[in-house]
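Asker: The lines below spell out each chain.
2 protein chains.
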Amino acid sequence: MEKRDVLEKIAKRLRIHSLRMTSKAGSGHPTTCLSIADIMACLFFEEMTYNIADPFDWANDELVLSKGHAAPILWAAYAEAGIIPIKSLMNLRKITSVLEGHPTPRMKWVKAATGSLGQGLSVGVGLAIAMKLGKSRRRVYVLMGDGECAEGAVWEASNLASHLGLDNLCAIVDINRLGQSEATMFGHDISAYEKRFQAFGWDVQKIDGHSIGEILRAFEWARQSKKPTAILAKTLKGKGVSFLEDKNGWHGKPLKDNDLMRALKEIGPMPEIDSKKFVKKPKKVKGPQLTKRSNFKRTHYEKSTATRRAYGNALLNLGKINNAVVCIDGDVQNSTYAEDFFKAFPKRSFQAYIAEQNMVGVGIGLSAKGYQPYLATFAAFLSRAHDQIRMAAYSFANIKVVGSHVGVSIGADGPSQMGLEDLAIFRPIPGCVVLYPSDAYSTEACMSEMSKHKGLSYLRTTRPGTPLIYDRDEKFPIGGSKVVKKSSTDKATVIGAGITLHEALKAYKALRGEGIAVRVIDAYSVSPIDGENIRRAVKKTGRKVVVVEDHFEQGGLGDAVASALGGCAEIVHLAIKDLPRSGQPDELLDKYGISAKHIQNAVKSLIKSRKR
Amino acid sequence: MEKRDVLEKIAKRLRIHSLRMTSKAGSGHPTTCLSIADIMACLFFEEMTYNIADPFDWANDELVLSKGHAAPILWAAYAEAGIIPIKSLMNLRKITSVLEGHPTPRMKWVKAATGSLGQGLSVGVGLAIAMKLGKSRRRVYVLMGDGECAEGAVWEASNLASHLGLDNLCAIVDINRLGQSEATMFGHDISAYEKRFQAFGWDVQKIDGHSIGEILRAFEWARQSKKPTAILAKTLKGKGVSFLEDKNGWHGKPLKDNDLMRALKEIGPMPEIDSKKFVKKPKKVKGPQLTKRSNFKRTHYEKSTATRRAYGNALLNLGKINNAVVCIDGDVQNSTYAEDFFKAFPKRSFQAYIAEQNMVGVGIGLSAKGYQPYLATFAAFLSRAHDQIRMAAYSFANIKVVGSHVGVSIGADGPSQMGLEDLAIFRPIPGCVVLYPSDAYSTEACMSEMSKHKGLSYLRTTRPGTPLIYDRDEKFPIGGSKVVKKSSTDKATVIGAGITLHEALKAYKALRGEGIAVRVIDAYSVSPIDGENIRRAVKKTGRKVVVVEDHFEQGGLGDAVASALGGCAEIVHLAIKDLPRSGQPDELLDKYGISAKHIQNAVKSLIKSRKR
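Note that the protein sequences, when read in sequence, are chains A and B. Our numbering numbers the first residue of the first sequence as 1 and each following residue consecutively. Our numbering numbers the first residue of the second sequence as 1 and each following residue consecutively.
It is possible that part of the hints are untrue.
Where chains are identical, the list cannot tell them apart; a pair therefore holds if satisfied intra-copy or between any two copies.
As the list claims (entries may be wrong) - Okay, derived cross-link-like pairs now, DSSO-like style, lysine-lysine, Cα gap no bigger than 27 Å in a straight line:
hint, residue 1, residue 2
1, K591, K94
2, K347, K320
3, K280, K226
4, K227, K195
5, K297, K256
6, K347, K284
For the record, the hints were derived by calculation from the structure and aren't laboratory data.
Let's have the full structure, built from the sequences with the hints guiding it.
Answerer: Written out as structure tokens, the structure reads:
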């Protein structure tokens, strides 16, 4: 049998599976599967090589289905390849199945969750970088939709891919003309995409996405290119079924009984072919030897140091003992202090430029190949990548995000540069660790903990220098807290973290001068919060608490503490309650009510109150 | 005096002001001001026309300084134009001055806060659309940096601008080669930008950004174009001061005393010229007559209806009585139900395609010209525009954001499509109103309230249909709540909103069957939360509360209620505590612990507990 016949038969099988699965599930996107059936057949049964026994084999080519709503045909392809049973396809979207509505790595072959459009290319860039780092000669394929090319993240990724010369990266754009609600901006004007990818430094080829011959020749061509390649495939949404083909109004609609019968009849009987036989097995290769140690040598500090500076020191020393550590920075490495790592390990350092979305997506890709990416920018600008961070969680990615320049304490640069919502981004993500150290030593300790932790985590660092509070060997386990000041006569507990811990310590001193003893807690582990230790302290201090943080009132440390206390204490919450403005750090801490003076007053009012 | 001489003199004055201001402030970005001094002189004193007495005059040309860190020279230009006193420049970045570190509309001439890079072009697109809508023949200028062109949002905006044929939009890119930490991706390769903007459908001209003649000719050329125009200005960072010019390492560094002296000496004495005389006054024009009414005709409902469907109905009827209402949708208007408005008011409807960042930026621009934009997409994808939403708040923009398809109740599409962090995005923003209605009538009432409210607000809508609870005329004021079930023997209060209110009502019924009376509260106003009413109810029900929400545990309704109760009650919080997955809506509500059954059990455990 000729190669073309084989692949046409397999494509037909994929089409039939996709229609049946979505009809059975009662929801899903069959027409968007049909437009890529021929491309998927070529990818899985001719172009890509992979070891069906091991999704993590370094000998595998990698595929990211960026147009995640085409998940059914992805599952169908894995079934045809013999990776999952064909009968399991009928479990699509069931609560008991890993074959979810959009791909997630609950199905082990999926390297990144997709379904929020325009993110897959960044993940592909990350995978391609990882392969270069790991000296793999395998390739990365990203199958994208045309509609998602409206997302800016696609162009962030395109820029970086060509800048880094990622010739192992091949994007296939399924140009089926139709978005969800209407035609895309460019419809079937393939040249619109051609111009854009070319301008962004890619090699581009236009093909008929339903011609097996053209698809295979394009892959062959792509392998020869010295640049990242984009194959622009003109396709028809619903291809293969006359009443669906190229018709608007069928997005995300499975076929009902009669329509399904008609469609299947038109496609014809399931071709009898054992697709498994056509899977290309790879030659054995050795992946990179990654030593994932975390107990790096701590820096010695003698004076006030910014926690961002300590992050830079820790990252450098961690990098020396852990070659899985890679660093990506958004053109601020001289502010986040990633710059020392950049100098010491240029091959493991990636300038992401001012493109935070892509920075996170690249991190997801690197993590999927076993690397341990540290991504840093100003905390305020992490909001730019919130969707990618969200998807990193669903991707079970092991990425470490670092946000510097948090809160009004940055001062005169003004609100656009102040990270005041970063805790509210990371805290809600189930399983995400959020650490917020207050001095250089605790920062280094937190870095060590983050490195040990597998999964998404976030480190919050401060711009101004802060005095040393701890010893070099002090441990800061995830989920812990520190009682920094304590006596048997404490009348209230003051909880801070980062810069506000230092304000709390100033308030402690002033209150002591007035004969008022308070307990001071460093809640460096904002999530998980140390409920037990905090509850214990609070019970011993008259159930009166002041929480103070350099973050908006909602979504941060105050909420974490309130939720840990579950109604068992009287809480005064000092936080940023207005849209802030430019000024000097000290002025701003005071203006927005989180300075030592405000803590002092809050404690005094609180211990006078008789609410309880 | 020749025009060129005048502008060169003014440019010199702007340079001197920028250097002095930043040195006085002790922080800021003088070198990035110097690279655009000549462009700014041409813009403010030759190209743009504006009425210095009224920043909101429809006869004004509009400028967005997208590279917000060049704020000092923007303030200097306003001073030279006679809008603010020249001596006020020495208050740069002071806590008492509106001349902040990055521009905010605290200074009235600023139409959108900038400083998070790559956002200004979207705002410019919004302003340009507003001018077309308002039949203005004035123009919009967006002054961008080269580094920020790495942001995908720039390309989202570029696509839409050319798609809409915005010939009144002119971007000037200040290509000074240097980013913050090192050279940009393309350095002085101007053709890299040329290719990209051309591919995205713009007319492009390359110029020497320090030649007054070339700058003026480019503006002249741009006015003739039928497309949006990009003027690519090759410049030198630090231009005019030899030891700063084109040198890396000077980003964001003001000059210290000696350096300032040297620099000013090199530039020479302050040219004596009265710049004010060269401001071009516009001819009087009439702006659009916007009728901003909010009491639209309510739809009559007879059966279960999705709140997203009611949003669509309300938007249509609001649009009929309020011609300031414009609608922007991210290719999901058939899911958010913005589609009826799109059909009825095509000129006031904008397909933003799958580009949420740009959608919000465009909204900021439209709002700045007095329109009332409604922006809708799936709530999950609002995370994509979190940074723009943040900046909308600092822009004091009057935009109404609508997120549909929230929570696990969307069902089988899976986690990538579930809005589970949207409340945690909007709640922290000071002043932002967050409404979350549970039935069709309350949705329409909330829409009316949102329309009356001036400022950022968010409406959370649900995918599945929900039964009618209220009457058509019921009022839902911002900051309110509804006691939906109540008796004198209530043993606990159950607080829900949206879909979980219906689960709470099912639990109420089941509990009543067991002889247990509970109070049920609809907390439709999530922010501001109705603390008073909630505290009152809770006190009367044994201080026992169950809060239930289809949102991640942190940052949503539970945190809002806990903070309102301030420790005066025992709270059980039912929310999504794991990363969810695909399944049927009812299965998922149950699996993640927010179904009626879980509420029922929570109430029973709670009233048995003797904690208090």
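Asker: Look at each hint and say if it fits the structure.
Answerer: Going down the list of hints, with the structure as the test:
In this assembly of identical chains, the alpha carbons of K591 and K94 lie at most 27 Å apart only when taken from different copies (13 Å versus 53 Å within one copy). In this assembly of identical chains, the alpha carbons of K347 and K320 lie at most 27 Å apart only when taken from the same copy (13 Å versus 60 Å across copies). Proximity of K280 and K226 under a CA criterion of 27 Å is satisfied intra-copy only: 24 Å inside one chain copy versus 53 Å between copies. Proximity of K227 to K195 under the C-alpha cut-off of 27 Å is found in both arrangements, the shortest distances being 16 Å within a copy and 17 Å between copies.
With identical chains, the CA atoms of K297 and K256 are never at most 27 Å apart, being 64 Å at best within one copy and 37 Å at best between copies. When the C-alpha separation of K347 and K284 is checked against a cutoff of 27 Å, the pair qualifies only within one copy, where the shortest distance is 25 Å, while the shortest distance between copies is 60 Å.
Hint violations for this structure: number 5 only, all remaining hints satisfied.
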